[in-house]
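J.: These protein sequence lines are chains A and B, in that order.
Position 306, counted from 1, in the first sequence is what our numbering calls 306; the numbers after and before it change by one each time, with no gaps.
Position 77, counted from 1, in the second sequence is what our numbering calls 77; the numbers after and before it change by one each time, with no gaps.
I should point out that these hints are in silico values taken from the structure, not numbers from a laboratory.
Only true hints are included.
The calculated lysine-lysine pairs, modelled on BS3-like cross-linking and capped at a C-alpha distance of 25 angstroms, are:
#1 332(B) / 336(A)
#2 303(B) / 108(B)
#3 53(B) / 124(B)
#4 270(B) / 342(A)
#5 3(B) / 22(A)
#6 332(A) / 270(B)
#7 333(A) / 270(B)
Pulled from the structure, derived: some chain A residues nowhere near chain B, Cβ distances all over 12 angstroms:
#8 7
#9 108
#10 112
#11 145
#12 309
Model, not experiment: these values are computed from the prediction.
Ideal placement from N, C-alpha and C gives every residue a C-beta, glycine not left out.
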Amino acid sequence: MSDMLDMIIESSNRIFKDNCTKQLLDDAEDGNFAIDLWNIIAESGLSSIALPENKGGAGGDFIDAFNILKLAGKYGLPLPLAETLIAKWLGTELGFTFSNEPVTFSIQKDDNISFKMTGDGYSIAGEAKDVPWASAAKHILLLGKSNEKDVIAFVPLDNAKIIKGKNLAAEPRDHVIFPNILANGLSLREVNCIDISEKSIHLLALAKSAMIAGAAEKVLALSLFYANERQQFGRSLHRFQSIQQHIAVLTGETTACLTAANSAIYALQGGRYEKEIPLAKMKLSESAGVIAMAAHQLHGAIGMTYEHMLHHMTRRLWSWRDEAGNEAYWGKKLTKLIMKDKDSSLWEILTNDKQFTKVEE
Amino acid sequence: MIKLELPVVKFTAEQTEFRNTVREFLIEEKKRGAFESRCDSWLSGESVDFSRKLGQKGWIGMTWPKKYGGRERSALERYILTEELLTAGAPVAAHWFADRQTGPLFLKFGTEEQKNFFLPMITKGECFFSIGLSEPNAGSDLAAIKTKAERTDGGWLLNGSKIWTSGAHLSHYMIVLCRTSPFDPNNRHAGMSQLVVNMKAEGLTVRPIQFLTGQHHFNEVFFENVFVPDNRLIGIEGNGWKQGMAELAYERSGPERILSTYPLLDELIKILRENDDEEGMREAVSLLPELWTLRNMSMGVAKYLEEGHDVNMAAALVKELGTKFETSIAEKARLLLSQLPSIESAELINRFMAQSILHGPGFTLRGGTTEILRGIVAKGVVSQ
Chain A
1 MSDMLDMIIE SSNRIFKDNC TKQLLDDAED GNFAIDLWNI IAESGLSSIA
51 LPENKGGAGG DFIDAFNILK LAGKYGLPLP LAETLIAKWL GTELGFTFSN
101 EPVTFSIQKD DNISFKMTGD GYSIAGEAKD VPWASAAKHI LLLGKSNEKD
151 VIAFVPLDNA KIIKGKNLAA EPRDHVIFPN ILANGLSLRE VNCIDISEKS
201 IHLLALAKSA MIAGAAEKVL ALSLFYANER QQFGRSLHRF QSIQQHIAVL
251 TGETTACLTA ANSAIYALQG GRYEKEIPLA KMKLSESAGV IAMAAHQLHG
301 AIGMTYEHML HHMTRRLWSW RDEAGNEAYW GKKLTKLIMK DKDSSLWEIL
351 TNDKQFTKVE E
Chain B
1 MIKLELPVVK FTAEQTEFRN TVREFLIEEK KRGAFESRCD SWLSGESVDF
51 SRKLGQKGWI GMTWPKKYGG RERSALERYI LTEELLTAGA PVAAHWFADR
101 QTGPLFLKFG TEEQKNFFLP MITKGECFFS IGLSEPNAGS DLAAIKTKAE
151 RTDGGWLLNG SKIWTSGAHL SHYMIVLCRT SPFDPNNRHA GMSQLVVNMK
201 AEGLTVRPIQ FLTGQHHFNE VFFENVFVPD NRLIGIEGNG WKQGMAELAY
251 ERSGPERILS TYPLLDELIK ILRENDDEEG MREAVSLLPE LWTLRNMSMG
301 VAKYLEEGHD VNMAAALVKE LGTKFETSIA EKARLLLSQL PSIESAELIN
351 RFMAQSILHG PGFTLRGGTT EILRGIVAKG VVSQ
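Start from the sequences, fold in the hints, and give me the full structure.
T.: Right, dumping it as structure tokens:
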């Protein structure tokens, strides 16, 4: 982790805590993009963390970045911070430059996007599905084909047709259609389609993992608050053993979530992700549902009302567990890895030195 | 806001090398027939020879000061050793409690004489301990213990009994939690002390209690006017409860709360791979995120323990989640294999399954039931 971690965490925590009110989350669900908050975040450098300063970034490393995303999850930040960061990390490596605006990406090898050279630019055709925050972003980092080659371009969304969609938490997940759009001055970068799509889904899976861990912390805090405050049968809820069981489950799963997310974050910073990110995302996705249900059971009917804060967090948990690959998706990948590694026992796979090398602190 | 995060542990190149050394040793020992792998080997795999051999390697009490026979290695190295022993299903039950908690108890609260007398013998694998906590009427409610020690010339007279004492029939000494002052209903945890009792002492009888497999792991131990000399009181008279609770962090968060059935999982994965059973493997793989997470949690607690943090709640959490995981391995394996688990089977996997299923209920009972642990966690987090 970089020296500035504590400072960055403290200032992000303050920004998110002061701004991510229930009202802001409600407004975001109604389709109002929180532009003022985005500007604060962008100006403070949080949307370009883990990018070198000489490339227009704010410096810092993955540990800083994913810790900020953990906080974004905790406060339900209704902005494309994870998407912007990942697009910038991938795009900067390919030589694209970015401004302070929100960005999204669609790097899915199954999307059929084509770039056809025409005059001064390219004609873009095809569709990208379930693109996060496309309706709020000005640009998209887009994977497609040009002359049979896999390419990535940084494409303006002005003329794209966007059919708005949303996940369970009403975060924008849009359908983006490019009906032969002309884009001038577009530059394409040739890429290996498998490598880049794998890289992007791993990064997004870790981002969602961190966000689930943060949201879990918040759900636990809300549950503890309620169990203290609410009285039934003349006693606070937390005095009942049956409620204590829920609290223990919530505490255990939340601690497990934080551990899994942190372990994968440190692994990535140490250059490892092949096993760690799938394991983390599987664990976090599994816990997300357990945590949501236990918290709702503890809260009773009030937790299911729109006026309560709980659902903003639980609907995020239910959304994020399926985004960037759920348990089945990553389980399949992990299965292939283990089937392939015929000479190693499971224990060797779990402990080999590539797995747990030194992480610099 | 509550703080639940545990540190992320990284192993150095030297530590990885140490892991490989231990692994090679265990492969060699197994090859020459020194032991047969089994699940839950830390409770039921007893081999006096094997314990002695580990002692010779310097692998019992390896973190303790050299002047007491230890090797002053780090807690993480001990963690690695423990993991390797358990995943290999090696017979470590005989010296287990002495290495895990009695040694650290002496180091923390013992007199110089006690440390000089007991620790070197323990490190050689020649002195085994059992832990006397539960009594017939004091299970989860441990503060209800009735075994009492009364002052006599030059020491104490101990009367009462302990139950479910693992390995009492093998051990040389027992750490007995007993009342040294009468029960005070307003302060249930006061007035208890820890005594080191020689298992050969006059008036002490060990009665085996047959385990549901028919095997003999635990016992009932009776004390009838057993004389315990003054110098065998550990720490401060009346401070036994507090001292005992400090031990529990070691007892609850170690790899043995995750890995008791690990040999079964390893063998299951091996078989699925040999059979090219991708569908089955996908099912088995669903166990791994939990294992990986728990392992990281347990290592984080180990690191915090070494740094002197209070890890009571975190240790309870690891045990609560870890032991639930241990039982889940057999439940998955039986559906994927459709074979007949049997303790007597000629096939290793069937024996592992039988051991895991039959020992299963104990995982979530011993060292604090799941319900008690959840109570500790809930109270801990509410009071934060």
